[in-house]
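So you can see what is in the structure, the chains are spelled out below.
Protein chains: 2
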Amino acid sequence: MAAPLRLGVAGLGTVGIGVVKIVRRNAALLQARTGRAVTISAISARDRSKDRGVSLKDYAWEDDPVALARRDDVDVFVELIGGDEGPAKAAVEAALATGKDVVTANKALLAMHGQALAEMAEAAGRQIRFEAAVAGGIPVIKALTEGLAANDITRVMGVMNGTCNYILTRMETAGLTYEEAFAEADGLGYVEADPTLDVGGIDAGHKLTLLSAIAFGTRPDFGGIEIEGIDRIAIEDIRAAADMGYRIKLLGVAQRTGRGLEQRMQPCLVPDTSPLGQLQGGTNMVVIEGDAVGQIVLRGPGAGEGPTASAVMGDVCDLARGLSLPVFGQPATTLEASPRARSELPAPFYLRMGLLDKPGALAKVAAILGNAGVSIDRMRQYGHADTSAPVLIVTHKTTRSAIDEAIEAMRATDVVTEDPVALRIEHV
Amino acid sequence: MAAPLRLGVAGLGTVGIGVVKIVRRNAALLQARTGRAVTISAISARDRSKDRGVSLKDYAWEDDPVALARRDDVDVFVELIGGDEGPAKAAVEAALATGKDVVTANKALLAMHGQALAEMAEAAGRQIRFEAAVAGGIPVIKALTEGLAANDITRVMGVMNGTCNYILTRMETAGLTYEEAFAEADGLGYVEADPTLDVGGIDAGHKLTLLSAIAFGTRPDFGGIEIEGIDRIAIEDIRAAADMGYRIKLLGVAQRTGRGLEQRMQPCLVPDTSPLGQLQGGTNMVVIEGDAVGQIVLRGPGAGEGPTASAVMGDVCDLARGLSLPVFGQPATTLEASPRARSELPAPFYLRMGLLDKPGALAKVAAILGNAGVSIDRMRQYGHADTSAPVLIVTHKTTRSAIDEAIEAMRATDVVTEDPVALRIEHV
Numbered sequence: 001m002a003a004p005l006r007l008g009v010a011g012l013g014t015v016g017i018g019v020v021k022i023v024r025r026n027a028a029l030l031q032a033r034t035g036r037a038v039t040i041s042a043i044s045a046r047d048r049s050k051d052r053g054v055s056l057k058d059y060a061w062e063d064d065p066v067a068l069a070r071r072d073d074v075d076v077f078v079e080l081i082g083g084d085e086g087p088a089k090a091a092v093e094a095a096l097a098t099g100k101d102v103v104t105a106n107k108a109l110l111a112m113h114g115q116a117l118a119e120m121a122e123a124a125g126r127q128i129r130f131e132a133a134v135a136g137g138i139p140v141i142k143a144l145t146e147g148l149a150a151n152d153i154t155r156v157m158g159v160m161n162g163t164c165n166y167i168l169t170r171m172e173t174a175g176l177t178y179e180e181a182f183a184e185a186d187g188l189g190y191v192e193a194d195p196t197l198d199v200g201g202i203d204a205g206h207k208l209t210l211l212s213a214i215a216f217g218t219r220p221d222f223g224g225i226e227i228e229g230i231d232r233i234a235i236e237d238i239r240a241a242a243d244m245g246y247r248i249k250l251l252g253v254a255q256r257t258g259r260g261l262e263q264r265m266q267p268c269l270v271p272d273t274s275p276l277g278q279l280q281g282g283t284n285m286v287v288i289e290g291d292a293v294g295q296i297v298l299r300g301p302g303a304g305e306g307p308t309a310s311a312v313m314g315d316v317c318d319l320a321r322g323l324s325l326p327v328f329g330q331p332a333t334t335l336e337a338s339p340r341a342r343s344e345l346p347a348p349f350y351l352r353m354g355l356l357d358k359p360g361a362l363a364k365v366a367a368i369l370g371n372a373g374v375s376i377d378r379m380r381q382y383g384h385a386d387t388s389a390p391v392l393i394v395t396h397k398t399t400r401s402a403i404d405e406a407i408e409a410m411r412a413t414d415v416v417t418e419d420p421v422a423l424r425i426e427h428v
Numbered sequence: 001m002a003a004p005l006r007l008g009v010a011g012l013g014t015v016g017i018g019v020v021k022i023v024r025r026n027a028a029l030l031q032a033r034t035g036r037a038v039t040i041s042a043i044s045a046r047d048r049s050k051d052r053g054v055s056l057k058d059y060a061w062e063d064d065p066v067a068l069a070r071r072d073d074v075d076v077f078v079e080l081i082g083g084d085e086g087p088a089k090a091a092v093e094a095a096l097a098t099g100k101d102v103v104t105a106n107k108a109l110l111a112m113h114g115q116a117l118a119e120m121a122e123a124a125g126r127q128i129r130f131e132a133a134v135a136g137g138i139p140v141i142k143a144l145t146e147g148l149a150a151n152d153i154t155r156v157m158g159v160m161n162g163t164c165n166y167i168l169t170r171m172e173t174a175g176l177t178y179e180e181a182f183a184e185a186d187g188l189g190y191v192e193a194d195p196t197l198d199v200g201g202i203d204a205g206h207k208l209t210l211l212s213a214i215a216f217g218t219r220p221d222f223g224g225i226e227i228e229g230i231d232r233i234a235i236e237d238i239r240a241a242a243d244m245g246y247r248i249k250l251l252g253v254a255q256r257t258g259r260g261l262e263q264r265m266q267p268c269l270v271p272d273t274s275p276l277g278q279l280q281g282g283t284n285m286v287v288i289e290g291d292a293v294g295q296i297v298l299r300g301p302g303a304g305e306g307p308t309a310s311a312v313m314g315d316v317c318d319l320a321r322g323l324s325l326p327v328f329g330q331p332a333t334t335l336e337a338s339p340r341a342r343s344e345l346p347a348p349f350y351l352r353m354g355l356l357d358k359p360g361a362l363a364k365v366a367a368i369l370g371n372a373g374v375s376i377d378r379m380r381q382y383g384h385a386d387t388s389a390p391v392l393i394v395t396h397k398t399t400r401s402a403i404d405e406a407i408e409a410m411r412a413t414d415v416v417t418e419d420p421v422a423l424r425i426e427h428v
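First to last, the sequence lines map onto chains F and Z. With this note's numbering, letter number 423 in the first sequence gets 423, and the count goes up by one each step, no holes. With this note's numbering, letter number 44 in the second sequence gets 44, and the count goes up by one each step, no holes.
To be clear, the hints were calculated from the coordinates, so they are not data collected in a lab. You may find that some hints are simply not true.
Which residues of chain Z face chain F? A few of them, derived with a C-beta cut under 10 Å, are [unchecked claim]:
| no. | residue |
| --- | --- |
| 1 | Lys21 |
| 2 | Ala32 |
| 3 | Ala67 |
| 4 | Arg70 |
| 5 | Asp72 |
| 6 | Ala94 |
| 7 | Ala150 |
| 8 | Thr154 |
| 9 | Arg155 |
| 10 | Pro339 |
Chain Z is nowhere near these chain F residues, computed Cβ spacing over 10 Å in every case [claimed, not checked]:
| no. | residue |
| --- | --- |
| 11 | Thr34 |
| 12 | Arg126 |
| 13 | Ala149 |
| 14 | Gly294 |
| 15 | Gly300 |
Short, incomplete list of chain Z residues facing chain F, as computed with Cβ under 10 Å [claimed, not checked]:
| no. | residue |
| --- | --- |
| 16 | Ile22 |
| 17 | Pro195 |
| 18 | Leu197 |
| 19 | Gly200 |
| 20 | Ser324 |
Backbone N, C-alpha and C define an ideal beta-carbon position, used for all residues, glycine too.
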C-alpha cells in the first residue's frame, strides 16, 4: 500500500472548507481511485477562532501559510488564499522551494507570475496544478492540456465570470438597471472586495490568460488582453439586444493570428438561441476549437464550494496517482513570447449613442460611418422625452479599428450627446 | 531527449487515416507537448492496395494485425479494427502479452471483454486507453476518470450515437418517415454494416457500459442495460412530441440506486429547449453529475475522422508523457459486480396507440391505466381515415413497470389495434 498523500490547506473560505469536506466524505472513494489515502496534515487561515461549520481539530494549525508550506508532513500545498502578491505568492514559493507540489485556485497569481512560478516549479521537478482557477468545476484545463493535446488549437472562448453573468442575466430577466443588479449581486456576496476584478473583466481576463498559454504554447500574458468591463452596459443595451435576438455576455476570446496572439475579454452580443446565449447566472461555458477535433463545448458551475473544491481535489487525485505534467502543458522554458495582436478579425458591431434631436444629426453620424468604411445593417431610433435621442446601429462586418475611428470622429461633432457604446456581435 | 514513442496502427479506415494525418501534420506540436517524438513504425489493414489519399510508404506493412501487435519496434498498439471478437481482440491480447500499451476506439470489444482485458493489462503493468470509444472527440473518459475523480458520481447521461440522432433530426426537420431517414443515413455511409448496432441502441449501449464502469467503480456490464432502439419511432411520435414542446433522442442514463445499478439506453422525450433537446445531427452530448461538482455538460462531434483521431491521439499523448492509470480508473480487480436494477425511478411517459373507433374504446384504455395506477396528464385523439384512431397520452409521473402492466392489459383487449409505444419523458 502506497503512503498517504498529505495535504496542507491554506485558506479556509468557501473552497477550503469544500476541500476539507470532500477529503472526509469521499475518503474511501479517493483511496480506491488513486491507490492511496488522501489526508490533511495541517491548515492555515486568517482567523483560527471562526466557526466554519466543520470540525478542524484533527489538523495542525499554522497562523502563517509560509510555515504551513514548509512543513515536513505536507506533500501537497493547497493554496486557496488568493491574490497575486503577498502571502499566497510567498507560500507557493516556499512550498516549491521545500519540494512540495502545489494545487491552487488562484488565477490572479498565475496570470501575473505564472511564467516565473512554472519555471521555478519545473527546475525543482515539482508541479503546480490549477484546474480550480478557471471555470470552477469544469475540467477545462485537463481537457485542453491533455484530452485535446494532439490538436493545433485554433480558438478558445469562454464565459467565465459568474458575477458578471449574474448581473447581465438579472438585468435581462428582471429589468434591473446595471446599478440595481450590481447591488443585488453585491448583497449576495458575489462581488469581490475590489469590484473591478469582476465587473471590470479582470478576473475573467486572468482565466483567459491561463487558457491562452496552454492552448497556444505562449507565455501567460495578461497585459496582452484587450479588456473591457460590463459597467457601461445599460438596460437599453440589454433590451435592444433582446429585441434583435441577442444576449449580452462578457465573452473571452483568444486566437492566434498571422499578426500574433489576439486576446480579448469584452461584453459581446451573442445569439439568444446559441449555447453561450442560453447561459444563465453563475454557469460558465468554455468553447475550444482545434484542427482535428472541431468544436468542443464544456458547461458547468463556475464557482461555489462544491464545484471549485471538486476541481482542486481532481488535481490532488492526479498528484496522488503520480501523474506528472508541465504547469502549462509544455516546459515553461519552451513557451513562446508571442507578439500581441490587436483584434482585427471582422465582425458586425452594435453601436449605441445619444444624438441631439436636430435636423442633420443622423446624417452626420451616417457620413462618419461611411467615411470609416463601416456600412449599416440596421438602425433604430427610439422615442424620447428630452433633446437627445437614443440611436442604435448594427453594422455589417467591419473591424474594431474602423469602429474606433468612427467613434473618435463622432466625439468631435456637436451632435453626439452620449459617448457611443460599441459591442462586438459574435456568432459562435 | 527521450526516445520516440512508436505506434503500430491496425485499421486504416476513416479514423486510422485521421491518426496518420495528425502524426504528420502536428509532429512538432506533439513533440513540444509530450517531450518526445511520436512516430508510426508499422501499419496493418485488410487491403494493402487501396488508395487512402495519404502516402503510407514510410511505414512497415503487416497483413496480420496480431503480427503488428507483436513487433519489437512498436511501443503502443493502436487498435482501430473494430468488432468485439476476431482480429481486434486477438491483436489487443497479443499487444498486452508482448508488453505494449493499447489505444483503441473499440467500444464493443471493451463493453464485452473489458473486464478480462483490463485485468490482463494491469497484471502485465500495461494500459488500455479508449477515449475515442465514447462520444468521439469529447474528452469525456478523461473528465470522468481524472477531472471529476474526487466526486461520488450520481448520474451519467448521454446522447452518444450520431446515426440515431441524424435519423431523428431528419425525421423532425424534413418530415421524413423512419424508413426514409434511415435510407438517407445509410446512403451517406452513416449506418454500420449491421444496422441494429446503431438503430438498435447497441453501439450507444456499449458506450454507456464504459461510462458506467468508470463512474460507479463497477465491472462493465453491457448485459445489464435495458436497451431499446429507435426503429419503432414513427413520424407521428416526432410530430406529437414537437407539438408538446419535446424532441425525441436516444438517451442513455446510468445511475446507482438502492437496488443496484440502473442502466438504460432508450428513446426518450426531452424538452426542445434543453441542451439535449437542441442537439442536432451527429453531435454528441454527455452529462455528468457528481456530489461535489453538480452538473457538467460536454458537447462535441461524436464521430468522424478528425474528432475520433483527436481522441486516439490524446490517449497517445498521455502515454508519451508517461501518465499511467488503471483502465477503468481503479484497478480492475477492485471493480464491483453490481446487481442490475430495472429502472423504477418515476417519470412521466408518452404513450401512442391505435384504438378501434367504437364506443367505449377510450374508456377501456383509461380504466386500464387507472387500474395500473397510472394517471393521465394530457390526451389527444387525432383525426383519421380508417377504423383505427391514433391516440396519444402523456401520463403523470409513474414507473416503467406500471406502464408495462398497463400495456400488457391493453394488448389483451379487443380495442387496441396497434401495439402501444411508450417513451419516457426526461427533464434533464
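Right, here's what the structure says about each hint:
1. Lys21: 8 Å, holds
2. Ala32: Holds, about 5 Å.
3. Ala67: 27 Å, violated
4. Arg70: At 26 Å from the nearest chain F Cβ, Arg70 (chain Z) fails the 10 Å test, so the hint is violated.
5. Asp72: At about 25 Å, which exceeds the 10 Å cut-off, the nearest Cβ of chain F leaves the hint on Asp72 (chain Z) violated.
6. Ala94: 25 Å, violated
7. Ala150: Result: holds, 3 Å to nearest chain F Cβ.
8. Thr154: 12 Å, violated
9. Arg155: Where the cut-off is 10 Å and the nearest Cβ of chain F is about 14 Å from Arg155 (chain Z), the hint is violated.
10. Pro339: 19 Å, violated
11. Thr34: 7 Å, violated
12. Arg126: At roughly 16 Å from the nearest Cβ of chain Z, Arg126 (chain F) sits farther out than 10 Å, so the non-interface label holds.
13. Ala149: Contrary to the label, Ala149 (chain F) does not stay out of reach of chain Z, its closest Cβ about 4 Å off (not over 10 Å).
14. Gly294: Check fails; 5 Å does not lie beyond 10 Å.
15. Gly300: 4 Å, violated
16. Ile22: Nearest chain F Cβ about 5 Å off; hint holds.
17. Pro195: Violated, about 26 Å.
18. Leu197: With Cβ-Cβ at 24 Å, over 10 Å, it is violated.
19. Gly200: Given a least distance of 27 Å, the restraint on Gly200 (chain Z) is violated.
20. Ser324: Since chain F brings a Cβ to about 7 Å from Ser324 (chain Z), closer than 10 Å, the hint holds.
When each numbered hint is compared with the structure, violations occur for hints 3, 4, 5, 6, 8, 9, 10, 11, 13, 14, 15, 17, 18, 19.
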